[in-house]
Each structure stands twice: as structure tokens, then as C-alpha cells.
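Construct the complete structure from the given sequences, taking the supplied hints into account.
Residue numbers (this note's numbering), protein chains in the order written: chain A, 1 to 117; chain B, 1001 to 1116.
Simulated from the structure, these hints should not be mistaken for lab results. Glycine included, every Cβ here is placed at the ideal spot set by N, Cα and C. Accuracy of the hints is not assured; some may be wrong.
To be verified - Computed list of lysine to aspartate or glutamate pairs in EDC-like fashion (alpha-carbon distance at most 20 Å, straight line):
1. K57(A) - E1096(B)
2. K1103(B) - E44(A)
3. K1070(B) - D1029(B)
4. K57(A) - E44(A)
5. K1103(B) - E68(A)
6. K1103(B) - E52(A)
7. K1103(B) - D24(A)
8. K11(A) - E1044(B)
9. K1003(B) - D1022(B)
What the hints assert, rightly or not - Stretch by stretch, here's where chain A covers chain B in the computed footprint (C-beta under 8 Å, at least three residues):
10. 1036-1044
11. 1047-1061
12. 1105-1115
Claimed, not checked - From the derived model, a few chain B residues whose C-beta atoms are all more than 10 Å from chain A:
13. K1016
14. E1017
15. T1027
16. S1028
17. N1067
18. Q1069
19. A1071
20. N1076
21. A1081
22. Q1083
23. L1084
24. G1085
25. A1088
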Amino acid sequence: GAGVSQSPRYKVAKRGQDVALRCDPISGHVSLFWYQQALGQGPEFLTYFQNEAQLDKSGLPSDRFFAERPEGSVSTLKIQRTQQEDSAVYLCASSLGLAGGPTDTQYFGPGTRLTVL
Amino acid sequence: AQKITQTQPGMFVQEKEAVTLDCTYDTSDQSYGLFWYKQPSSGEMIFLIYQGSYDEQNATEGRYSLNFQKARKSANLVISASQLGDSAMYFCAMREGNFGNEKLTFGTGTRLTIIP
Chain A
1 GAGVSQSPRY KVAKRGQDVA LRCDPISGHV SLFWYQQALG QGPEFLTYFQ NEAQLDKSGL
61 PSDRFFAERP EGSVSTLKIQ RTQQEDSAVY LCASSLGLAG GPTDTQYFGP GTRLTVL
Chain B
1001 AQKITQTQPG MFVQEKEAVT LDCTYDTSDQ SYGLFWYKQP SSGEMIFLIY QGSYDEQNAT
1061 EGRYSLNFQK ARKSANLVIS ASQLGDSAMY FCAMREGNFG NEKLTFGTGT RLTIIP
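Here is the structure:
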């Protein structure tokens, strides 16, 4: 079956521009996550949805970052007034959520590589 | 303190040999889960194996096994009979607490290169 998909795969933005990154989770997955991966580092948690509810946004680095999942499926991560330090790979993951039990596993998409010039 | 520590930035291993990738973790929770992911150059994170804190046996998935030493807070990944396709970044990750705290905390990774 189809995995997690993300678009665009690559995005170049000029400093100050707004960008929107899209994530299509695995069908039927209740939980959706966004992570940021800087070059040479492990992914760092940004935010988490269960269906359409954003249950944890503790990892969002500033109020320029905003995520939504209005119908509990596709999610969009928006970054306003991009800055050079926002350059990173943005990874989306989904999981079954409660139905997955304690071993619930997150499955990742290919990521969007954002470069801010 | 780092929650997940991977002390091997890079490793070179001969094809068909076994390899152990180190991971130590730090948590005060009694309930937690440990995960290993593989990230090839394409960028996608591929789930490999899971170990729960209450699991009494080490997890195994095909050529992957997890050497879980709870008292030492280590969860090393063992890959048997390595293949050229195993060349990638490998990340150890932890989910802490009871179910409902969903986020994963990752280590900095180990770059594994398999030599023909």
C-alpha cells in the first residue's frame, strides 16, 4: 500500500517568503507528526496531531511555524517569513495511534528539503 | 543531558560481517519504547525494530536484533551478515512514558558503510 507522501520534495525560498509543506499520511492512520532534521543531526520533534486535534506543539521553534490538519488526514506545515536557520529537511510521520497499542510505530515520508537563501 | 546517545559517528564494516551499533538512553520513566530507524541517502526513515521497556526478550526482525540491557540503559542494534544495501545512517530513538506521549527523541545517528 502507499506510504507517507510529502510535497514538494525540494523547496528553495528567499528569506522572508512564506512556505507550505504538505504531508499525506498512510490511509487510516490517526496520528501525524512533523519533525525537523538539520544537516548531520537526528530528527527533532515539532508537533503532533491525533485526527484533527493538535495535541502537542511544544517543538515548534517560533510563532512563525504553524501546522494544521483540518480534516484529520492531510496536514500542512507552514513557515512564515522564512529565515536561513529554517533550512532543514522536514519529515512527516504517521501511525495508527491508539489502535497501534504500546508498540505503535511511526512511519516516515521522504521529507521536504527546504533551503532558505 | 542527552536522552539518546550514539557514540559512533561512522563505522566501516566488511560485507558479510556482523556489526553492532551502540545506543544508550536516559529516562526516569519506567515505561518507554526504543526504536531503530535506517535512513538511506534518499532521506526516508525506515523502521527496523522496536523494544519495549517491559519486554523480557530481546527483539529480533530478520537480520536485525536488539541487544537490550535495561540496567545499563543500552539498546544496541546488531545487524548480522551485513550487505552492501545496509550502508546508511542509523538512528536510535525513544518514546517515553505511558501511551499518549507520542513524540520520538532521536540520537545523532551512526553512518554505516559496508565495504565489498
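Now the hints, each set against the structure:
no.: 1; hint: K57(A) - E1096(B); verdict: holds, 17 Å
no.: 2; hint: K1103(B) - E44(A); verdict: holds, 9 Å
no.: 3; hint: K1070(B) - D1029(B); verdict: holds, 12 Å
no.: 4; hint: K57(A) - E44(A); verdict: holds, 12 Å
no.: 5; hint: K1103(B) - E68(A); verdict: holds, 17 Å
no.: 6; hint: K1103(B) - E52(A); verdict: holds, 17 Å
no.: 7; hint: K1103(B) - D24(A); verdict: holds, 19 Å
no.: 8; hint: K11(A) - E1044(B); verdict: holds, 17 Å
no.: 9; hint: K1003(B) - D1022(B); verdict: holds, 14 Å
no.: 10; hint: 1036-1044; verdict: holds (count 4)
no.: 11; hint: 1047-1061; verdict: holds (count 3)
no.: 12; hint: 1105-1115; verdict: holds (count 5)
no.: 13; hint: K1016; verdict: holds, 28 Å
no.: 14; hint: E1017; verdict: holds, 26 Å
no.: 15; hint: T1027; verdict: holds, 15 Å
no.: 16; hint: S1028; verdict: holds, 18 Å
no.: 17; hint: N1067; verdict: holds, 19 Å
no.: 18; hint: Q1069; verdict: holds, 20 Å
no.: 19; hint: A1071; verdict: holds, 21 Å
no.: 20; hint: N1076; verdict: holds, 17 Å
no.: 21; hint: A1081; verdict: holds, 24 Å
no.: 22; hint: Q1083; verdict: holds, 22 Å
no.: 23; hint: L1084; verdict: holds, 21 Å
no.: 24; hint: G1085; verdict: holds, 17 Å
no.: 25; hint: A1088; verdict: holds, 13 Å
Of the numbered hints stated above, none is contradicted by the structure.
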